[in-house]
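Undergrad: The listed protein sequences derive, respectively, from chains A and B.
Quick note, the first sequence lines up with residues 1147 to 1458 if you use this note's numbering.
Quick note, the second sequence lines up with residues 3 to 265 if you use this note's numbering.
Please note that the accuracy of each hint is not assured.
Claimed, not checked - With the Cβ distance kept under 8 Å, some of the chain A side facing chain B (calculated, not the full set):
1) R1223
2) T1234
3) A1394
Unchecked claim - Residues from chain B that keep clear of chain A, each with C-beta distances beyond 10 Å, as calculated:
4) L6
5) Y18
6) M104
7) P108
The hints are simulated quantities; they were obtained by calculation from the structure and are not laboratory data.
Note that the structure is a prediction, hence the values are computed from the model and not measured.
We put the beta carbon where it would ideally sit given N, CA and C, even for glycine.
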Amino acid sequence: MVLARGLRKTFGKPGAEFEAVKGIDVDVRRGEAFGFLGPNGAGKSSTMRMVAAVSPVSGGELRILGMDPAVDGPAIRGRLGVCPQEDTLDVELNVRDNLYIYGRYFGIPKGEVNDRVDELLEFVQLTEKAKAKVEDLSGGMKRRLTIARSLVNRPDLLLLDEPTTGLDPQARHVLWDRLFRLKQAGVTLVITTHYMDEAEQLCDRLVVMDKGLIVAEGSPLQLIREHSTREVAELRFGVADEGDSHEALAEKVADLGDRVEVLPDRLLVYSEDGDEVVAKVHERGLTPVATLVRRSSLEDVFLRLTGRTLVD
Amino acid sequence: MPDLALADGVRRQADYWLTVYKRTWRASVISSFVAPLFYVVAMGVLLGGFIEGDPDQLEGATSYLAFVVPGLVAAHAMQTAVGETTYPVMGLIKWQRVYDSMLATPLQVQHLAGATMTFVLFRLVTTCGVYMLVLAPFGVFESWWGPFVAFASQVLVGMAFAVWVYGFTARLEDEQAFGVLFRIGVFPLFLFSGAFFPVENLGHVGAWAARLTPLWHGVNLSRMFCLDTVDWSTAAVNVTVLVVLLVAGWFWALAGLRKRLVS
């Protein structure tokens, strides 16, 4: 569905260029949910805009649905659904008109657009809001409307740029549920996110991006297995221990796990058995004010690969 | 696969612009139809009553009213065009980002510009058309056919302004420069391009400066055809200037919009 080789994106005038994407290889297969995971500024959105055939490629090769975006942009976009990071809904139109008018841009006949709009409103649970103005909708509803809009041309490939950023937890779960249904219906999804839970929930396969490059690739489980231990013990020390800096404390527990990460507010000890780590920490006379043993997540993978957390 | 044809791309946006017009037509009635009538009554009838209708002084008009209205309609075409291509276009590009959402579909920059300009054309045809109809009973037209050509020239000068201001807006980061455009562009043109007095009154140099402005070409065409005082060689120059401006402005606008929206 998407094939990229050495894909690059540069902005700015010659001499003062900024390279947002520095040569990436990507393969997205039919029917899968593919993710780009990385912090803000990793180059995810720039990649997404190139895949959406709206931003010209600066270098390398890109094929979308087997076509070259530089030549067949309109034909590609006719078969894509795009849910941009910021809602670009027309706030002065009502919910229904937003979908109807957008459908007309694809050249879909009026009667057929009307039928599809009814279906889509049902699918995103906005039928009752059909006549409401967009500006009166909640953030979650606006996102669902944007997703409905991106489906109006029955796309082969759906691009979702940070689909749940800024939404409350409940709204996120509603949205994930809808996306999951789409995936089950066979729609190929490409998702960018800086939320590791979102990537774990939705993506069959993902690449981790950092500073314009891909630093790892695989299924969420594969990535965790390859780049992290089974469990993590999180140790939070109180102000009384400030005498001992986090770095100093980290040295005292370094031998208890495969590795130790020092975060501003806590230490992460990576090990196959987190409870054992916590027990040994106490045996050594150290007194963390709070401990937590959990499974490794993509967040840990990212930390391992880049030395930084996903959400700064 | 070839690109989508311009006309097809414009047609696909018809529903969008129809909805926009349904939402805004009430507001536009005042600025498009009522305000111009006030001008005609105040400047043409009431102020004009103090001015002697000497055809030698008024480019062939037998009353000041007959002199001023063809210019007023042409100037109004310019103002309508500028009004439609400043704040509303900034909204499409930046505030509501409607253009961004359109570009995610098979539509391309030229289709967006084409549909926006078609809407401006519609606004010019309706406002100038109604204006001319209202003026008919005032007895200011000297032939039956002239007003139709005058109407076409008003629409032409409006479109010539529309493409340039559209291109200007596409290159702006924010709306602050609009104030400058109105103050040092639109307003002086409105006053000094021959709509209210013969440009000869500006003196030799002033008159030639006025004749170099795009609006004068529209005012002159509009007046010559309304008063049936057509000098065909001047008319040919006027039309040529406006058509060249229109075509060049269209490409300049497309280049600016493409640079702004496709990165």
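Undergrad: If a hint holds in the structure, say so; if it doesn't, say that too.
TA: Evaluated hints:
1. R1223: Given a least distance of 5 Å, the restraint on R1223 of chain A holds.
2. T1234: T1234 of chain A check passes; min Cβ-Cβ to chain B is 4 Å, inside 8 Å.
3. A1394: Since the shortest Cβ distance to chain B is 48 Å, the answer is violated.
4. L6: 5 Å, violated
5. Y18: 5 Å, violated
6. M104: 6 Å, violated
7. P108: About 4 Å separates P108 of chain B from the closest Cβ of chain A, which leaves it inside 10 Å; violated.
The structure is inconsistent with the numbered hints 3, 4, 5, 6 and 7, although it conforms to all the rest.
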